[in-house]
Amino acid sequence: MSATTETTPTGGERIAGDAPGKNRKITDRAQAERRLGIKLAAPAAILMLLVTAYPIGYALYLSLFRYDLRVPSENAFIGLDNYILVLSSGVWWTAVLATTIITVVSVVIELIIGLGFALVMHRAVFGRRTVRTSILIPYGIITVIAAFAFRFAVSPDTGFLPGTPNPLGSQLGSFATIILTEVWKTTPFMSLLLLAGLATVPEELQEAAKVDGASAWQRLWKVTLPNMKAAILVALLFRTLDAFRIFDTVFVQTAGANDTQTLSGLGYNALISRVNLGLGSAISILLFLFIIAIAFLFVKGFNTNLGTVKGEK
Amino acid sequence: MRARTALVTAVLSVLPLAACGGGSDEAGGVPTVNWYIGNEGWLDQVIEDCNAKANGAYQLVAESLPTNPDQQREQLVRRLAARDDSIDLIGMDVVWTSEFGQAGWVTPFEDGELKNVGSDDQVLQGPFDSAQYDGKQYGAPLNSNTRLLWYRKSVLGDRPVPATWDQLLDTADQLDTRIQQTGKRAESLMVFFNALVESAGTSIVEPDGEGGTEIALAEEETVKALSIMQRLAESSAAPVALSNSGEDDNRLAFQAADSGSAFMINWPYVYPSVLEADPELAKDYGWAPYPRVDPSRPAAAPLGGYNLGIGAYTNNRAAALAAINCLTEPEQQRTIATVGGQPSVLRSLAEDPAIQEVLPFLPLMTEQLETAAPRPVTPSYNDLSLAVRQVLHPMRDIEPESSYEALRDLLVRALNSQAVL
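Going line by line, the protein sequences match chains E and R.
In this text, residue positions in the first sequence follow the working numbering: the first is 1, and each later residue adds one.
In this text, residue positions in the second sequence follow the working numbering: the first is 314, and each later residue adds one.
To be clear, the hints were calculated from the coordinates, so they are not data collected in a lab.
Heads up, the beta-carbon is just placed ideally off N, CA and C, and yes, glycines get one too.
Don't take every hint at face value.
Which bits of chain E does chain R cover? Going by a derived footprint, with three or more residues having C-beta under 8 angstroms, they are [as the list claims (entries may be wrong)]: (1) 156-166; (2) 177-188; (3) 261-273.
Partial selection, computed: residues in chain R whose CB lies under 10 angstroms from chain E [to be verified]: (4) 469; (5) 529; (6) 533; (7) 537; (8) 540; (9) 580; (10) 692; (11) 733.
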């Protein structure tokens with residue numbers, strides 16, 4: 001963009017016959033700059049390709065093979081068999097269900113509590129810094145440690161519930177504990193993103209609504225939330241993508257017992273524990289497709305919403 | 314820009330080196346033997362002794378692995394699959410021997426290389442068999458282990474000690490007491506299942522006649538084994554949180570003053586540990602053979618312990634072999650048994666007074682080690698174990714007939730790397 005606009009030649013003597021030559025000159029210069037631009041951007045692009053595209057491509061390639069490091073003699077090209085195996089297995093669909101339950105429930109709770117926290121952080125009159133810091137503390141704690149903390153907290157011998165059976169022994173209790181840990185750990189992240197959105201809502205709108213006699217509740221629903229729709233969508237997108245790849249909490253708390261195994265856990269079992277690279281790669285690629293689908297849906301929703309916001313203005 | 318590239322290259326090339334620092338390089342002409350093994354209480358002493366005896370021939374160094382066997386295996390498998398040449402000597406759980414051997418991660422021993430543990434004249438049968446795969450010896454048995462039935466003498470009184478699982482469950486019901494047994498989703502579930510199946514008279518795998526293995530699991534015997542697991546899980550004698558309890562949970566619950574648990578199935582380390590915590594209480598501990606499934610068949614108790622393997626990518630094979638021959642000498646074996654509470658694999662120490670002083674139940678263990686249940690010898694062992702955990706956890710949901718079908722089906726696929734686990 002800058003290349004074409006800034007290249008008006010100095011002097012400005014425009015002779016009609018000169019026009020094609022001048023155009024060619026601009027193009028030359030533009031081309032040179034474009035070439036420079038490509039050269040400058042290339043290292044970053046190549047690095048990105050190396051660290052993301054190459055592994056993804058390699059995983060895609062591996063997923064088409066029977067490739068088990070423990071039985072190297074039997075490695076062979078098997079086409080889509082790994083995918084058929086995964087998609088026809090009940091374990092996979094149980095994991096899809098478990099991952100979806102954990103994702104949806106935890107993200108919804110995080111959104112509600114996160115919005116509350118964001119409002120508190122936004123409106124805090126005194127001790128603002130203290131309030132913000134204390135709300136953000138859980139996010140600074142490593143997930144594995146948070147998972148262990150909650151595992152010990154619910155354990156009958158070390159925890160807060162002496163004399164009751166360990167919730168991690170039942171399916172409902174397992175899901176509840178995992179979701180509770182997730183919510184505790186990542187709500188601050190959600191509230192941080194929502195706080196950024198809150199800050200963009202013009203104060204004049206709030207005042208105008210107040211003058212018109214809108215209650216606090218009405219202002220929240222009619223003024224604040226509609227104006228921060230984009231921020232909410234971004235926060236939901238980030239959290240959903242993250243939550244869908246959940247691994248640490250489940251690994252630490254149940255190791256997949258009580259049907260809480262998640263898609264990442266299945267991938268881990270296949271790749272790391274069983275060193276079955278073919279099958280594990282197929283699982284990873286399928287997980288990757290799920291993530292892309294979620295991102296695609298959100299970005300679609302995101303765009304249309306941006307459009308309507310603009311249209312209203 | 315060129316300078317910066319050079320800097321980045323330099324940093325990148327140094328990082329991996331730093332990570333492998335202290336690898337198998339020779340320090341002053343003395344080859345270092347890196348020994349990857351879980352952190353055991355006896356480790357320091359045997360290493361010190363062997364280094365003193367080596368007299369500069371090698372320097373044995375422990376590289377500690379996590380305490381959890383699943384995590385030990387994962388670390389080793391990752392390194393070995395990446396052909397890490399810093400791994401000279403490996404403390405392999407007995408069940409990994411076939412997997413590591415098949416994958417070519419450990420090298421087999423030639424005849425005569427192992428001075429102390431090269432034949433079943435020297436080594437107890439159970440541990441010796443666990444070190445063989447495909448007609449070759451891939452492991453040097455280092456120590457052994459088996460589970461016993463523990464009971465509180467004061468609670469049992471003069472009733473007979475239960476000999477079968479059914480008697481055990483009946484007695485526990487009558488006494489209104491609990492049986493401490495593991496039930497969490499871990500390797501210990503496979504240990505339990507395999508012992509019951511072997512005791513019932515069948516096996517998880519059998520040779521298929523073409524040099525490979527196939528799933529055996531005779532129906533009647535397996536269903537019997539599964540119904541014992543189910544009965545335990547549904548009984549009021551089950552531990553409070555059976556589906557979450559591991560060996561150490563069991564030990565602590567059994568050891569607690571008002572435990573309400575008169576029985577426990579566990580490794581013998583529980584005895585040295587209670588001796589240390591409360592010598593008076595230790596006098597109340599009784600021990601008996603691992604319960605039978607079929608009253609007319611001796612039980613096949615679980616077999617544990619380490620086999621030593623030599624990493625396939627090592628540059629110090631001779632030194633590693635020398636270290637193995639030192640570690641399996643009677644003196645070091647005695648240290649492992651007395652300090653760690655894990656019996657020796659050597660026949661010559663089966664009645665050793667020094668060991669018997671620490672492990673008064675040594676004769677019973679020796680007897681069990683001769684008939685112990687080997688866990689399935691197949692490179693896919695870990696997949697089988699994951700399959701068993703998947704179908705049989707939690708134990709309260711077992712329905713013997715239908716669980717049998719589901720388990721068999723999954724195991725057949727797991728054996729051929731054809732299952733999502």
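*Which of the listed hints are not met by the structure?*
2, 4, 5, 6, 7, 8, 9
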